[in-house]
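S.K.: Fit chain F to the known structure of chain U by using the hints.
So the protein lines, in turn, are chains U and F. Under full-length UniProt numbering, the residue at position 215 of the first sequence is numbered 215, and the numbers go up by one with no gaps. Under full-length UniProt numbering, the residue at position 389 of the second sequence is numbered 389, and the numbers go up by one with no gaps.
A few of these clues could be false.
Stated by the list, open to error - Just some of the chain F residues that point at chain U, by a computed CB distance under 7 angstroms:
# : residue
1 : Tyr83
2 : Cys104
3 : Ser347
Stated by the list, open to error - Residues of chain U clear of chain F, computed beta-carbon distances all greater than 12 angstroms:
# : residue
4 : Leu344
5 : Gly345
6 : Arg384
I should point out that these hints are in silico values taken from the structure, not numbers from a laboratory. Small disclaimer: the values here were computed from a predicted structure and weren't measured. Ideal Cβ placement from N, Cα and C applies to all residues, glycine included.
There are 2 protein chains.
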Amino acid sequence: MSDRLDDLLTRRAAHTSPTLSILYGKDPIHVVRGSGQYLYDADGREYLDCMNNVPHVGHSHPKVTEAASKQLALVNTNTRFVYEGLVDYAEQLASTLPAGLEVCYFVNSGSEANELALRLARAHTKRRGAVVLDGAYHGNTTTLIEHSPYKFDGRGGGGRPGYVQVAPTPDPYRGKHRGPGSGESYGREVAGAFERASASAHPPALLLAESLLGTAGQIEPPAGFLASAYQAARAAGAVVIADEVQIGFGRVGTHFWAFDAQGVVPDIVTLGKPIGNGYPLGAVVTTAEIAASFHNGMEYFNTFGGAPVSCAVGLAVLDVLEREGLQAGALEVGQYLRAAFLNLGKSRPVIGDVRGSGLFLGVELVLDRDSPEPATRLTADLIRYLREHAILASSDGPDNNVLKIKPPLPFSRGDADRLIESVDTFLGLQAE
Amino acid sequence: MSDRLDDLLTRRAAHTSPTLSILYGKDPIHVVRGSGQYLYDADGREYLDCMNNVPHVGHSHPKVTEAASKQLALVNTNTRFVYEGLVDYAEQLASTLPAGLEVCYFVNSGSEANELALRLARAHTKRRGAVVLDGAYHGNTTTLIEHSPYKFDGRGGGGRPGYVQVAPTPDPYRGKHRGPGSGESYGREVAGAFERASASAHPPALLLAESLLGTAGQIEPPAGFLASAYQAARAAGAVVIADEVQIGFGRVGTHFWAFDAQGVVPDIVTLGKPIGNGYPLGAVVTTAEIAASFHNGMEYFNTFGGAPVSCAVGLAVLDVLEREGLQAGALEVGQYLRAAFLNLGKSRPVIGDVRGSGLFLGVELVLDRDSPEPATRLTADLIRYLREHAILASSDGPDNNVLKIKPPLPFSRGDADRLIESVDTFLGLQAE
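Just chain U, same shape as in the assembly (with noise of 0.2 angstroms):
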């Protein structure tokens, strides 16, 4: 480590928080430039990014930079004043949705999203029980952490509350019930849970679930699992929030939209990480029902959220994704990526399971195919090696063995064959 990053680290533990955590502990990178999937340290080394999907459309896009820019130099208030920006983005982000949802709310992180879209479904069925997915995390407030089981269930956490009731995993490789076949019964387990929370103090206000679950492990539900999940909660009277935060806005490649992949419609959308390109930026989207039954006299104001830059820079986000064919090339390199690991698996048995749908893939890592033990060590090893051949991948799930791929959109086929390559001769290395 170079004396300057040594004495960056010790300074950054005199007055920042010791929760927060480094990536690669000992051999942190020190960041000064992004462009496109790539980062650059100080040394000047080039790391190919397969693990931020927050710069959703490439890091430090020159377009969206530009849009912010400008809108910066101009005016940045408030919503209660009357500008262009905000009716624009509003329209353009409703657009990309479903019809019926159409009100939208713009706060500046998905933990607000999902903070507010919570108080929506709350004061719509004048309910509060919930049901969510094990392994999920929603966001770091203290009513969210008492709808992620990630948090609760982990380091730290108080455990369930009595209001939150936990549906398993859909995990069709390593869960309670496994194959492709597996969405019905992962429904019903959903419908077991809403039976619990009606029958219990806490009638169900919601459904929170990701269409595609990131800290649970890059889990695809299987076919037919939203449908009958959502089914269960209309029929106990609750609404569905969907947490669109990590996969939403065309990374999973054959639709703009996670919950589209299963043929279902959401009550509400909770978006944010990616639609900002990094910009402090999220929404809640929902149906003009649910809308009305929130406008109860008190006012949801919030300072920054849908601000001109604030939509300024949604707007842009939105136009280099079309523009630059984005959602398409997810899919095209998506694929082309999870058919090279599927291929790799043939002649390396570790990797038990590739899955995922666009740029968001998991590849779990076992210890034999057959009896299925995660590979924890040997993925956190992995990590490193990419991390020392300027590859940034992370791990996930519960046993910290599925690599988590999420690149910002530009990533190529020779960036997908740089990474394949090097998890081959990491592989390899293993196997002498």
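M.R.: Chain F only, in chain U's frame:
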């Protein structure tokens, strides 16, 4: 209203929430540009801005725009990487605070800051109970609304939750105890609230209080109040959170932080609105001891909080504040304006009270100075008259009879004269 604005409002209504209010109902302002303490509408009309405290160093300050634009073009990643901006900003921010307040957490809004502060206080005390001041607003999340009498006792509110105790607004003009010597009396009210909390099922974790009160009506607590309130909190085993989201960062003129004006030091300080001059930025600063209690194994991660652009903006705002001597300006112009309002009160008996510090002032309008019935209608008429004369100001307080003055800090003596003249003219017309 122009056809263009009319069209904009129709389109806005179709895709944004009905809870999103618009200033000056029938005569809203279509903002297109801002500079210093001025906003400009689509017809090129210039408005003197006496209401927006968020553009703290002036609308679209070129140095802040430059810093944001430069960093946006370089890279905007997250705190799991290492970069100078985070460290520089944390050091600079900590240097503005009393010794001991040294660990910084960066978030995206004042709501996120107060949310995190509650989590810190609860983790440190292992308790949940809270004491807040009547009329206060602390943010828009579920938990913060439960700490905001302005919301839970207001329209659409659900009432006071059992774990929250409310002490009276320390208002020496209209409140339960009156006169400049009422600080200790209000302090005893806070002690009483802590006694109720300690005797309840929810022993107190915290006191959450603005150092000057915004939504409660621009209240400057009488001398000695904060000291006795903080003492009561600590005697009950609670920690003190100073909400400086509205009033910190030099606005009060005499001090950089409003709590400093009463010679007290909180355990946790929360920051928001002005620190990013409109860029979505908030922060929490606390002691190493409280930060250690929060470090219980659960990671606190905030995707955008403390990102390179956020830190570049935060640093630029601090730099402009200092270079342009804006705190000293707030003191000088604020004293001038306050004196002018007091002077105006001699000839205009509807001016019941003039209060506040620096450029955070409140002018309370009453029907009759001896029996101060709130002049709610007159205040609304004044706000509308000022808007017609291109001056933007707002009202607040439980009776909406307090003219609220919190302009961008470049606000000058000339601007003060213009405001005073308009208020005088309006009151003269009313008296005729």
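S.K.: Each of the hints needs a verdict: does it hold here or not?
M.R.: Hints and how they fare:
no.	hint	verdict
1	Tyr83	holds, 5 angstroms
2	Cys104	holds, 6 angstroms
3	Ser347	violated, 33 angstroms
4	Leu344	holds, 28 angstroms
5	Gly345	holds, 29 angstroms
6	Arg384	holds, 15 angstroms
Hint 3 alone, counting from the list given before, is not met by this structure.
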